[in-house]
Amino acid sequence: MPTYVDPNKCDGCGKCVDICPSDIMHLSNSVFGGRKAYNVEPDYCWECYSCVKECPQHAIDMRGYADFNPLNHKLTVLRDKEKNSVSWKLKYRNGTKKEFEFPIRTTPWGSIPPAQSHPAPTREQFGSQLLAHEPEYLKSERGLVTVTTR
Amino acid sequence: MLLLKTKTVDCDVLVVGGGMAGCGAAYEARYWGRDLKIVVVEKGHIERSGAVAMGLSAINCYMGMRWNENTPEDFVRYARNDLMGLVREDLVFDIARHVDATVHLFEEWGLPIVYDEQTKRYKREGRWQILIHGESYKPIVAEAATKSATEVYNRVMVTHLLTDEEDGGRIAGAVGIGVRDGAFYVFRAKAVIVCAGGATHVFRPRSVGEGAGRTWYSPWSTGSAYALLVEAGAEMTQMENKLVVTRFKDGYGPVGAWFLALKAKASNAYGEDYEMKYKEEQRALYGDYVDAKPFPTCLRNDAMLREIRAGRSPIYIHTEKVLDTREKEELGQEDFLDMTMSQTIVWASQNIDPKVRPSELLPSEPYIMGSHATCSGAWVSGPADLSPKECFWGYNRMTTVQGLFGAGDTVGGSAHKFSSGSFTEGRLAGKAAVAYISERVADRKPSVTEKKVEAFRDEIFQPVKTFRLGRNMITKGTVSPFCIYPDQGVVRLEKIMGEYVGGWGSFYTTNEVLLGRGLELLEMLREDLDHLGAEDLHQLQRAWELHHRVVTAEAVLRHTLFRKETRWPGYCYRSDYPALDEKNWHVFVNSRYDPSTGGWSLFTRPCTRLVS
Ligand SMILES: Cc1cc2nc3c(=O)[nH]c(=O)nc-3n(C[C@H](O)[C@H](O)[C@H](O)COP(=O)(O)OP(=O)(O)OC[C@H]3O[C@@H](n4cnc5c(N)ncnc54)[C@H](O)[C@@H]3O)c2cc1C
Ligand code: SF4
Ligand code: SF4
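Here the protein sequences come in this chain order: A and B. For what it's worth, this note's numbering labels the leading residue of the first sequence as 1, then goes sequentially. For what it's worth, this note's numbering labels the leading residue of the second sequence as 1, then goes sequentially.
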């Protein structure tokens, strides 16, 4: 129901609960023993796959919204933060299969320099219309422009 | 479960909402305000929150000034025409002149931007759009923001803004619910930047039942940006400028890459091109905007709606005619796998191979947003060097409440910002907030009394008490004479707005009588919000999301009632004023809600030209 959880795989780690933007992955005691995740409000699921990508046990899957998706389809994903790629496997109702893989990032995770790691700006820059790293990052000969036609 | 503790957080800059704009605000505020305490409060988890949670396949706002592709002047002309003349040109120009630097920063951080092998420039999807491998767009941007902010509070939903008790015109912070810890949060801040996104589920969506979560814009866009500002007394603009987008039917897959990069064509059921067919009829009603290039988004919707009304639907997009290479198939598939996987699922479940069969298109339900082909939101000051007198009051992107800033979907009048422009606007607001603090309130503590905070606490947790009372009046189930639940309230809201304020069921058409009746029903719903019941913290979040949607809806309705013309056909029609009236209505419709009396005032503001 948009997302559903395989009770044999889920170990109750709560990562899906942490990430779901809709706050609809919750943990509950399950008849299968122990705490397991489930989707508490399928009609508020965006099928955004955030939880699916995050689950270390690959316990979460998607069944397209019941109001317009006939059964027997599958779209699964693997997101690899070492290889920095995301791969998708698609199975049609009629059995057709398709696979795709795309890059997700060009730098290692955690490598972004925060704003405070750059040299502190001057008072003059503060009083101007420039934002951080401007005009350099505009990479334009004109620099920061203002309206000329007024 | 609940509310035993109050957690108070003192800070300099409070960013409400850690989406695209909020991340930009946190980064930039830190760059200029090295010693300030900068706090982000986010109702989801910043790594995957907001409209970009699942990724994007394009950056829709990039000038390319380094390659002389476009100028900010060109962009202003484009946004102005697309919005049928009504944009704040100072705000639009300001985004355009900075946005390239933002995109270059994203690339340096690790966002994969696609290059054209021949030109060695970014590969263009369209004139303003560039292609990206954007699955991790949000986590990348969030990494920069998280490291730059002092603290990020995830899973705290802001319900109200606090105004200063000694100086009511000034902001003092915000309060909210800790959806995980059950705490009542009080943020006392010198400046607040609201970046809380747009609004879905205000109008009845096309999907029903389990699929109700499949709106094109994210279901967690709950109108907080508008409601928080309205209830703090900030002036709003263009709330009548609802957005209707043409999308792949049911999955709501975006059409940009298909029309612009892959050059797919749309047709009616019988394979005929219909888009320009109604041009002279449109000209009679909407004037010379029909000659604008590109053809304005709302007029394209209008042509499609005319064709559907004439009985020649379904409208098709001919994907099958353009996917002739593996490269193009990958581009088309990645477009959805990076940002609307539901569309891929529709194809798989319904056996639609886009290489073989066309897909249906349909206009969506209306959304309320400030960052797309529309510009609802707060009335803000522009930058000193660009803004006309009446649009400048000291600090860029500051609302009419001192110290209260906005960015992204929150800010009105500045259309076509999209993800990169929203982040850029966050940066503008972040820098301005630092300037405001250092020049105006450096030594001034926000004044918030215990009494006021306690009153909010009671109000915020009331739905939990209401639920307990309501539950005790019935045997079991969800039907209680005493209270309604958030999901029931959402359905009532969607029904009122859909039927009276121009939803898809009435072909986006309304009139004064319908709007009057709608307002009456909406006011009753607003009263009934005092009877909302919430079983747990999750439902309590839903209760306040509903509250924000209802306040947003009221602003939308009142603005729609005030503008006596049809300015954006295809988004909304006033059947009693079916034509565009340039003489009387080439103006902004603005409003202000008075929190002390509960009264609304509506008025117009001039729309000034900056670029010829
Ligand atoms: C399917 C889709 C496709 C799109 N395609 C493109 C594209 O190709 N290119 C492009 O450039 N743009 C695209 N956009 C548009 C882009 O996503 C938006 O313009 C942009 O995200 C707006 O930024 P924002 O910060 O205003 O809102 P958001 O990014 O939505 O951020 C709002 C944040 O506020 C938080 N929040 C809300 N209420 C509260 C509250 N009460 N308390 C605390 N936190 C709160 C939310 O959780 C969220 O994190 C697309 C959007 C969608 C949905
Ligand atoms: S992330 Fe996976 S394993 Fe962890 S609770 Fe969720 S479903 Fe279970
Ligand atoms: S797919 Fe997205 S909205 Fe649905 S449960 Fe997972 S994280 Fe939440």
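Some hints here could point you the wrong way.
[Said to hold, decoys possible] The calculated DMTMM-like cross-link candidates involving lysine to aspartate or glutamate, where the alpha carbons are at most 20 Å apart (straight line), are: (1) A:139 to B:454; (2) A:89 to B:73; (3) A:74 to B:73; (4) A:98 to B:327; (5) A:74 to B:210; (6) A:139 to B:353; (7) A:74 to B:116; (8) A:91 to B:235; (9) B:147 to A:18; (10) B:355 to A:99; (11) A:9 to A:54; (12) A:89 to A:61; (13) A:97 to B:73; (14) A:98 to B:73; (15) A:139 to B:69; (16) B:147 to B:166; (17) A:139 to B:116; (18) A:81 to B:329; (19) B:465 to B:454; (20) A:98 to B:320; (21) A:15 to B:181; (22) A:81 to A:124; (23) A:97 to B:353.
Hints in this document: simulated from the structure, not taken from any laboratory.
Hints versus structure:
Among the hinted pairs, residue 139 of chain A with residue 454 of chain B is inconsistent with the structure: their alpha-carbon atoms are about 52 Å apart, more than 20 Å. Distance check on the hinted pair: residue 89 of chain A and residue 73 of chain B sit about 44 Å apart at the alpha-carbon level, beyond 20 Å; violated. As the CA atoms of residue 74 of chain A and residue 73 of chain B are separated by approximately 47 Å, the hinted pair breaks the 20 Å bound. For the given pair, residue 98 of chain A sits about 14 Å from residue 327 of chain B by alpha-carbon distance, which is consistent with the 20 Å threshold.
As the CA atoms of residue 74 of chain A and residue 210 of chain B are separated by approximately 18 Å, the hinted pair is consistent with the 20 Å bound. Of the pairs offered as hints, the one joining residue 139 of chain A and residue 353 of chain B is violated, with about 42 Å between alpha carbons and a cut-off of 20 Å exceeded. With a CA separation close to 33 Å, the supplied pair residue 74 of chain A and residue 116 of chain B exceeds the 20 Å bound. A C-alpha spacing of about 51 Å is found between residue 91 of chain A and residue 235 of chain B, which places the hinted pair above 20 Å, so the restraint is violated.
The straight-line distance between the Cα atoms of residue 147 of chain B and residue 18 of chain A is roughly 19 Å, inside the 20 Å bound, and the hint therefore holds. Distance hint between residue 355 of chain B and residue 99 of chain A is fulfilled; the C-alpha atoms sit about 15 Å from each other, no more than 20 Å. The hinted pair formed by residue 9 of chain A and residue 54 of chain A meets the criterion: a straight-line CA distance of about 14 Å does not exceed 20 Å. Taking the CA atoms of residue 89 of chain A and residue 61 of chain A, the gap is about 12 Å. The hint holds against a cut of 20 Å.
Of the supplied pair hints, the one linking residue 97 of chain A and residue 73 of chain B is violated, its CA atoms being roughly 47 Å apart against a limit of 20 Å. Between the alpha carbons of residue 98 of chain A and residue 73 of chain B the distance comes to roughly 44 Å, so the proposed pair goes past 20 Å and is violated. With a CA separation close to 13 Å, the supplied pair residue 139 of chain A and residue 69 of chain B stays within the 20 Å bound. The hinted pair formed by residue 147 of chain B and residue 166 of chain B fails the criterion: a straight-line CA distance of about 34 Å is larger than 20 Å.
For the given pair, residue 139 of chain A sits about 18 Å from residue 116 of chain B by alpha-carbon distance, which is consistent with the 20 Å threshold. Taken as a hint, the residue 81 of chain A and residue 329 of chain B pair is broken in the structure, with Cα atoms around 25 Å apart against an allowance of 20 Å. The hinted pair formed by residue 465 of chain B and residue 454 of chain B meets the criterion: a straight-line CA distance of about 16 Å does not exceed 20 Å. About 16 Å separates the Cα atoms of residue 98 of chain A and residue 320 of chain B, which keeps this hinted pair within 20 Å; it holds.
Distance hint between residue 15 of chain A and residue 181 of chain B is fulfilled; the C-alpha atoms sit about 16 Å from each other, no more than 20 Å. This hinted pair does not check out: residue 81 of chain A and residue 124 of chain A have alpha carbons roughly 41 Å apart, beyond 20 Å. Between residue 97 of chain A and residue 353 of chain B the alpha-carbon distance is near 11 Å, which keeps this suggested pair within the 20 Å criterion.
Hint compliance for this structure: hints 1, 2, 3, 6, 7, 8, 13, 14, 16, 18, 22 are broken, all remaining hints hold.
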